[in-house]
Amino acid sequence: MTTVLVFEQLLNGLQFGVMLFLMAAGLTLVFGIMNLVNLAHGSLYMVGAYLTVAAVQWTGSYPLGVLLGLAGTLLVGMLVEVIALRTLYERDHLDQVLATFGLILFFNELIAILWGRAALYTTLPSYLQGHIEIIPGSIYPVYRAVVIGVGLVVGAGLWYVVAKTRLGMLIRAGASNRTMVAALGINIRLLYTVVFGFGAALAGLAGLMAGPIYAVQPGMGELILIQVFVVIVIGGIGSIRGALVGALVVGIVDTLGRAFLKPLLGHFISPPAAEAAGPALASMLIYLLMALVLAVRPEGLFPARSG
Amino acid sequence: MRTPIRFLAAAVAAASLAFALPAAAQQKIKIGFITTLSGPAGIIGKHMKDSVELAMDHLGNKMGGVPVEVIFGDDQFKTDVGVQVAEEMLKKHQVDIMSGIIWSNVMMAVVPVVTGAGKIMVGTNAGASPLAGKACHEQYFSTSWNNDQSPEAMGKFMQEQGINDVYVLAPNYQAGKDMVVGFKRYFKGRIVEEIYTTPGQQDYQAEITQLRAKNPKATFVFYPGGMGVQFVRQYFQAGLRERVPLYSVFTVDETTLPALKEAAIGQYEARFWSPDLKVPASEKYVAFFRKKFGYTPSFYGAQSYDGMMLIDSAVRANKGSLKNNKAVIEALRKANYDSIRGPFKFNVNHHPIEDFYLLRAEQRPGGDVEMRIQRKVFEKHKDAYYQDCPMKW
Amino acid sequence: MRARTLILAACVLLLLAVPALATLAKQPYYIDLIRRVMIFAIAAVSLNLILGYGGLVSFGHAAYLGVGGYSVGILAFYGFNSGWLQWSVAVLASALVALVIGAISVRTRGIYFIMITLAFTQMLFYLGNSVEEYGGDDGMRLKVKSQFSGLIDLGDPVAYYYLVLALMLACMYVVHRLINSRFGMVIRAAKSNEARSRAIGFSPYPYQLAAFVISGALCGLAGALLVNHTAYITPAFMDWTRSGEIMFMVILGGMATVPGPALGAFALLIVEDLLAGWTQHWQVILGPLLVLCVLFFRRGLAGLLPGSGKDG
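Chains as they are written, first to last, in my numbering: chain Z, 1 to 307; chain X, 1 to 393; chain V, 1 to 312.
These are calculated hints, taken from the structure and not from any lab test. Remember, predicted model here, so these are calculated numbers, not experimental data. Glycine is no exception: its CB is placed at the ideal position from the N, C-alpha and C atoms. Among the clues, some could well be false.
Unchecked claim - Subject to a maximum C-alpha distance of 25 Å in a straight line, what follows is the list of computed PhoX-like cross-link-like pairs (lysine-lysine):
id, chain 1, residue 1, chain 2, residue 2
1, X, K91, V, K145
2, X, K91, V, K191
3, V, K145, X, K134
4, X, K91, V, K26
5, V, K191, X, K30
Stated by the list, open to error - One-sided excerpt, in silico: chain V residues whose CB lies under 7 Å from chain X:
id, residue
6, T23
7, A25
8, D32
9, T108
10, E133
11, D137
12, G139
13, T230
14, A276
15, Q280
Let the hints inform the model, and build the full structure from the sequences given.
Next comes the structure, spelled out in structure tokens:
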């Protein structure tokens, strides 16, 4: 276990955390401000991946394809909000769960009808392939470094919007007391649509960045969705800062756990037992972490809500 | 005076023969075929369904002169749904014979239901070891293999090549562990590390980083479906392919090649069949399949096509009927048909005795990446469990 | 109220008649299908106790299907085929697991409660996958069904059908009595206004925990029934998506109503079976159907019954 190895695994954890953050930011905003449990968030991630792959193929240009894919996901998100989700805001969380689950089924099957069930072929433009040497001795894929970079830039951008702009102020106000914001005469409907679109675009960004490394297939959103829920629970509902911290913590803990848990265990218990327990424990690690955080701080690390 | 008596005796003899002959041809033959049609694994189900339909085309939708209907069922990758679908086919549609099934756990649950209803099951993929060994049944046949055989072939090849310091990865579920057991049955060299990852895991960067740090001479993996697409792609993106050759089973095949393309070039796999196998029945199957469906078939499909042809041979031997189980089992055992793998013979446990090949993913002139046979690894290979099977015939 | 009772009574009579009707129509498959639906109805009824009435959204209910099923499976594996023993262990083990999970989870609220229960189920699921002795994710076969000293043969589809029907009605009755008792009042009060119920002097925690345990125990019984139905158990019984399915049955059918969960189970599973027989793309139809149900049936399917003004 050399320092270079640990450093590389930290980078891996950071990159995974960044992807989780992009998903979690949108989801926690929607939950915090509109009080909407949106299980179909994973579907927007999937739509982002598919639209971008299609757009890149159609235009032949990666940057253009990315822009079109993002715009497309934003549009789909706002459409879904206006058509299906508007009436759900006043409803019980459970009704929202059932309705958005219906949306998951619909989107998965629609994608399967349009593109088939087989995983799609994705590739990277040549300038994103290859490796760089961040510290001597460690080679890291360029693309993953770019993902970390993009994630951090988006995170910084989000912080700026939320902390320094009027929209951000409305978002923060809405997250801590929705009724008051409406009472003060703000066009809540428009705010909601904008926030939802925002969240959809973030999910779409995560999806299109995942495209070249993960399998682009129907149902890809649900695989990551449960981890995203763990992130926002740990971070605290409605808080972007919580989403970032939660995502990085989950990403790093999960990655380091998968890499080092078994060898670590092997120091304390017999190797065959470590063989059996290591992988199982690594799978459970983020859930144990969540249980731990909730035991100590039941509202998450940075809860946004005042009441 | 004797002639009429002789004539009468002959008539009586002929009449009694008529009763002893197998039952007259049926009106219609119904085959129940269970696979996974929804969800991400539905791509495998599509390969199987398309192959069955091609088989029906080639048979003129008839077996032994009797019209055939294939009823497809979707097990949704769930054991209890598989059992429900099987019961629906047996009780509601009253099928004559069952076939298909991708997954070992679904197969283990469905086979008792089928045999309990007095029907025969021709499995066309799942190779659960108990069914090849202790739990073998005279009403259960397989046109595929036992799960362990493919990794055994890869293990034998790597052992013969004297490859040492192998890094092994597989998902942490029963099939994953079985594959590694099969591999180690023939591979006796040094294994650097044996890693079991979370089933369904998408990101293998952590594992790949560990692998690179250990500096093995070769990597052996089992990652079916989406996991394979992700692992192979990330392995390729990490630039490891040239440094550490990648050997696998059930990871790179015609269901995942379209997603991988150049990322798969150079990958080694071990299988009993490949689309480029030089066997007339196989060449016919592949050519017609490509023409009709526009994509290259996989072994999942080839096994299913074979299953239909096998059933056809039994129906023909029984003059258009599947009613007499004993006669059908006898005919199935003879396996008198042209298999896509070449000359076909069943072992005592109703699993095929077949050759296994080393395959490599190569780029063809024209740009497509395909699996090509490199050499034969096993000749007439028997699985490791048949001696536990109590059947003798 | 009378119309409602009549309709529900008619439903029960219809269920009683299913085996006879199915045999007449030479379609014995429907006995198995409806039996499977009723087993899930029991699971949904058990979840409704804490979700519908108690407001505790447990996303981990499938865990008890697994615990109940594996209790039967593991005992059978070691040769203990007595149904009396197996099913008692199934119920008790589920109650115990529910006690442990509940003791930790019931202290949290809202989404946190959902996530904690989900996390526990996931852990049990991974545990089931890794224990090779009992088949890992391949699962185990139940070679011999639970034996009840000759009183009833679970291998007889019709006899088993009536047993499941009787148990389903019994569970619904138990929940009905529980809800309308003093115990039930505290649970429902805590759901609608926890602060106020504390002010009156009730600490909801022990009541909620008790409800959680009873709910888990009933679901464990459903697990024992399910494993006898499929003759096979895998950790997939405990998959979180299955928990979701049970939840959807409760929500769709109408929370905080007695017939609701059963209606939801019937609607969801039978529609699924019908659609799946029609097209492999059945999810593209079922999805929007669920959305429409939520949008237009505000109190679930049970809300369509006459006399649904108050809780039934």
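Quiz item: Is the shortest C-beta separation between E133/V and chain X less than 7 Å?
Solution: With Cβ-Cβ at 12 Å, over 7 Å, it is violated.
Quiz item: Are the Cα positions of K145/V and K134/X separated by 25 Å at most?
Solution: holds, 20 Å
Exercise. Please work out if K191/V and K30/X have their alpha carbons no farther apart than 25 Å.
Key: violated, 55 Å
Quiz item: Is the hint on A276/V kept, meaning its closest Cβ partner in chain X is under 7 Å away?
Solution: holds, 6 Å
Quiz item: Would the stated hint for A25/V survive a check requiring a Cβ distance to chain X of less than 7 Å?
Solution: Violated: closest Cβ of chain X sits about 10 Å from A25/V, beyond 7 Å.
Quiz item: Is the straight-line distance between the alpha-carbon of K91/X and that of K26/V 25 Å or less?
Solution: holds, 9 Å
Practice problem: Mind checking the alpha carbons of K91/X and K145/V for me, to see if they're no more than 25 Å apart? | Solution: With Cα atoms ~21 Å apart, K91/X and K145/V stay inside 25 Å; holds.
Practice problem: Could you check if G139/V really has its C-beta closer than 7 Å to a C-beta on chain X? | Solution: This interface hint holds because 5 Å falls under the 7 Å limit.
Quiz item: Can Q280/V be said to touch chain X, with a Cβ gap under 7 Å?
Solution: holds, 4 Å
Exercise. May I ask you to test the interface hint for D137/V with respect to chain X, counting a Cβ-Cβ separation under 7 Å as satisfied?
Key: Since chain X brings a Cβ to about 4 Å from D137/V, closer than 7 Å, the hint holds.
Quiz item: Taking the least C-beta to C-beta distance, is T23/V closer than 7 Å to chain X?
Solution: violated, 11 Å
Self-check item: Satisfaction of the D32/V interface hint, Cβ to chain X closer than 7 Å
Solution: holds, 5 Å
Against the hints set out earlier in the document, violations occur for numbers 2, 5, 6, 7, 9 and 10.
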